[in-house]
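Engineer: Take the given structure of chain A and dock chains B and C to it, following the hints.
Protein chains in written order, with this note's numbering: chain A, 1 to 258; chain B, 259 to 923; chain C, 924 to 1226.
Don't read these hints as lab results, they were simulated from the structure. All figures in this text were calculated on a predicted structure; none of them were measured in a lab. Each hint can be trusted.
Here are the simulated BS3-like pairs of lysine-lysine, each with C-alpha atoms no more than 30 Å apart in a straight line:
no., chain 1, residue 1, chain 2, residue 2
1, A, K109, A, K2
2, C, K1122, C, K1219
3, C, K1059, C, K1073
4, C, K999, C, K1054
5, A, K251, C, K1073
6, A, K253, C, K1185
7, B, K719, A, K18
8, A, K251, C, K1133
Here are a few chain C residues that sit away from chain A, every Cβ distance over 10 Å (derived from the structure):
no., residue
9, M924
10, Y932
11, L937
12, A968
13, D977
14, N1001
15, V1080
16, A1126
Where is the CB? At the ideal position from N, CA and C, for every residue including glycine.
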Amino acid sequence: MKLLVCIKQVPDLESRFKPNTEGSWFNEADLAWRMNEYDEYAVEQAVQLREQLGDSAELTVLSIGPDRVVEAIKKTLAMGADNAVHIQDPAAATKDPWQIASIIAAYAKDKGFDLIFTGMQSQDRGSAQVGVTIAELLGYSCATTLVGFAFDNGTVTAKRELEGGIKGVVKLKTPALVTCQLGLNIPRYPTLPNIMKAKRKEITALAVADLLTVEPLARTASFHSPAKKGGGIVLEGDVDNLVDQLIGILKDKTAVLR
Amino acid sequence: MEATREIYWNIGHGAVIPMYLLAIAAFGVMAWGFWQRLPIWRQGKALNRFDRYDERVKRMIAEIFSQSKIFRVKEGGIFHSLFFWGFLTLFAGTMMVMFQADFFTPLLNVNILSGEFYKAFSLVLDLAGALALLMLAGLFIRRFVARPKGLEIVRDDYIVLQLLFAILITGFLIEGARMAATELQQNPALAIFSPGGLLAAQLFATMSTETLLVTHKILWWFHFVLVLGFFCAIPYTKLRHILTTSANAFLAPLEPKGSIVTINLEDECAEQFGAATITDLSWKDIFDADACTSCSRCQDRCPAYATDKPLSPMKVVQQIGEMAEGNPAGNLIGTVSQDALWACTTCRACQDICPANIEHVNKIIEMRRNRTLMDGAFPGDEVRTATGNIEVNGNPFGLGFASRGDWADGLDVTLMESGAEVDILYFVGCYASFDNRNRQVARSFISICNAAGIKVGILGKEEKCCGEPVRKLGNEYLYQMTAQENIGLIKGYSVKQIVTTCPHCFNTLGRDYRDLGLDIPVEHYSTFVNRLITDKRLVLEQDPEPFTFTYHDSCYLGRYMDIIEQPRQILKAAGGRITEMDKSGYDSFCCSAGGGRILAEEKLGSRINIERVKMAEATGAPLLVSNCPFCLTMFEDGIKTGGFEGGIKVRDLAEIVVERIGGHA
Amino acid sequence: MKTLLVGEYREGTLLDSTYELFGFAAQLGADTAMLLVGSDGQLPAYGGTLYLADAAVCGEYNPDLHKKLVLEAVQKENPDYIVFVHSSYGWDLAPRVAAALKAAQVSEVIAITPGGFEVGCCNAKMRRTVKPSSAKAVLTIQAGAFPVLKPGGTPQVQRLAAEGSAALEFIGYEPAEPKDVDLGRAEVIVTAGRGVGKKDNVAVIAALAKAMGGELGASRPVVDAEWVSHSHQVGTTGQTVSPKLYVACGVSGAIQHLAGMKKSDFIIAINKDRDAPIGEVADVLVVADVMQFVPKLTAKLAS
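So that you can see chain A by itself, here it is in the shape it has in the complex:
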């Protein structure tokens, strides 16, 4: 059984973001990088399945981006993936979700993956599109936002997280793609022997130009800080007045009192 997990390296969200010179995305200087949190759940689930299936299974990790993404790939290999594909693309951040999904689909279409795992969205872009779009392009069945996963005899039983803590239970036949949500599992911390082993695992580098055939469908016109929502307002004075002022702000600036 062939498994694929797609991961993205994202900036640490604690970083300060500044627009790049084109104003289309953030300036990468002074950013710390890590694996997209949702992708960590995807990796953990894929590794758990890989362990469940034993040596009859093979888990490949795929990431698109510049050289720095190899760090995230290595972490995945240390967590238990068997091999890796690095689609080298220094300009990955300029591509829209449609292009990213197309690249992955172009890579995966003749590889015969039975099950593909992705995060439900990326922490930086947050479009929640790539996973589902890959499934559509490959003609795979697909379930999103998983907080529960079981695999038995070619069938995935998935628990989707719905609003208000309710879960929707679905069954999918392979080939399938699932997108993973917080709460699905607790990603393992790589052990030292596995970190050592990962150093010897193969990372295949592919050029993005060989896989990308589509034009973007949307473009980012601007990347900017949110207009200050009243940031740093200091209210002082009579308590009753303060209460009215605060309620006014709550109505204006938040969705809570609607």
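Structural biologist: Just chains B and C, lined up with the frame of chain A:
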């Protein structure tokens, strides 16, 4: 009449051969007992503790004969030391008798034990015997009547105490019987030099000579058998510590205190890290269990034990011993329990006080290494998060690494990347870089350096966590990764000296980084500033306003680095009058944050930091001074959560100094 | 300009979030048609065209069939925008429709600007303005970002049906687990800090949390003092949270606490101390005594 006595009086020289044969047999039994322990010790991994022979022998002799380690705790220690010296004197006396009777007399025909020397000899031995007897009684009362907390009574205690009592008492009785039959009648003037014997002789005063001779003979042989029994019992009872604890004074590490084995991460064949079973520990770790006398000093000082956490350093050592003997393949970590392992603050109070030179801390770190490196385990989710933060942003808070140097904005500080020459590199550490409270310490330190004309460089956003907390929690891999980055960075600049305000950074950069190739001198600011003052580079106010304070010795400055006096000297120079806590200096009580516990929540038992603030408050001083960011953080927290607000305040040494700077030198 | 709005229906009920789609369309100034896989008994209060498929036949969650239904409605209406709510239903279905149409998708729109659609990114720290370049575009709108608008009236129902074998089989719903508290998912968190003074006062903060429809959080000293159970603790040693609204009552803002909550969308701090570090991350700092201010705020909100 000459002052001497007839050796083998009433026993006869016919006893010599059976006596030596029996003695050899007893030593054989003793040797056999230790021989049987060998395979138990040898289950451990190799470790060279037989290098630098001279230093080791010297240390061993000094420690044994001075009893310095035992004497550090007066309660119990006085009894033991005096008993030891008394018993040792008796042993030496017996040896002299042996040499006189069986070598000097038959071979050389000289009698050393005569005249004035014999008088002194007799008196000293009698007094030594009395002292030993008295101290033994003290030890007996301590163990069976006073029963200090933590001291358990086991089978060995009955055997050992009874045996020693019997040996000492029969010794006096033999002497008494002999004197009743000889000295008292023939040379009463001499009897006065054997006061113990004289007293015992009263018991035999009414006995007929025949009965006396028989009684003496029986007592002599009984005493002799008891002594043989003593030697035989050594390997099988707590008496083994006579040899094992002494041996440990030889075997104790010669490396700087706090040294931890740096795992070779380049070794691709290594598949096992840390200690999951006895056999993953070193032979010395197993031997330590045999050197343990269950004196409970370590347990008495353990901050985790004192606050009802499931850790006793003594128990850990004993559990290792029990498993080595009975279940060497068993689950060591399960036996010790993970909660116990994670509870350790690596404060070194156990190891520092241990009279047997047992190395508690590294055993715990080895077991933690197994949990962390082999299972990816953490003491709690908060530690997992902090560890991830260190990986990504180089600090446990997860704050953007790029803002690490922001605290220095507007200060007279040089960024190393500018390439400018500096006098010292200030390795700031995570807390002084990011935590508002500790940033005040960093700023104070800079002001002090400015006043002394010291040009300070910092690494700014290039600096990373020194790796100490994760290393102490067992994560050697992450430690080495961050350490390597820091070392590479520091070596890229021309740095003559590194100064830290954090004792943990200080220990790590100054000692642990040596193994990874950093060899620049590293100093904590306590000694650095003290020197600036004594060299008159930093001038404090002429008549500073006096203040009363108590001082907390950070574990990693005091016990680990022997920096105890210098901070006190600075504070004195600044006008401070110290009221010491009961637990200070080498006996200081941890703030709770060592051993990586700074990253973890304290969920079990009561809070160590509140205990420590209580101790500080009990001195009556309105001010607690520390010089460690972890301590400062824990005490600020302890003052708030313990309800001490409005009472005692905590401040860093640098904050005190900066307020009392006079003019330029 | 025309929009096809895709309504939401679950467990036999039309979801209120459906009306936010009308609010969005109104802001866009677009004509509307709606597609709903629902039931006759649960029609939206809306007078326009409603393409209605029977959830009893097509399933409440059956993305393959629902995609077919949307595409059929798209064919009939030829809209410029197909609009979903960014929900477990919307983010699941929208990319399938977009892929089928080879249309751009803009996810989680929070505002409409002259330059395009405004979306959040980098965990809501930053914004992007996105402009679709395809003729049609699929949009999902952030829940709560646009006003609820009930147009009123009775829809002109056009029935749609779809069938075919689905690759995905819906088994059923699992009710939410009763939990002490799950701060990670809470949209509003009202946190009690040490400034509330004593254990009894925590109830005052809890009342505010209730009035705001949120959960009670606590700072570490409050948990340590056992005024509140640990499951409420916010901060690096408790839970790291990012609700839409965070109200810190009497929290001074220790670094561990700030690290655990500063990603919140909107932060209100109530503190006596104007210079408390919590002020550094707060959007609004109310300088007041917590025990005076909070009861009045709660009373006002409740009325």
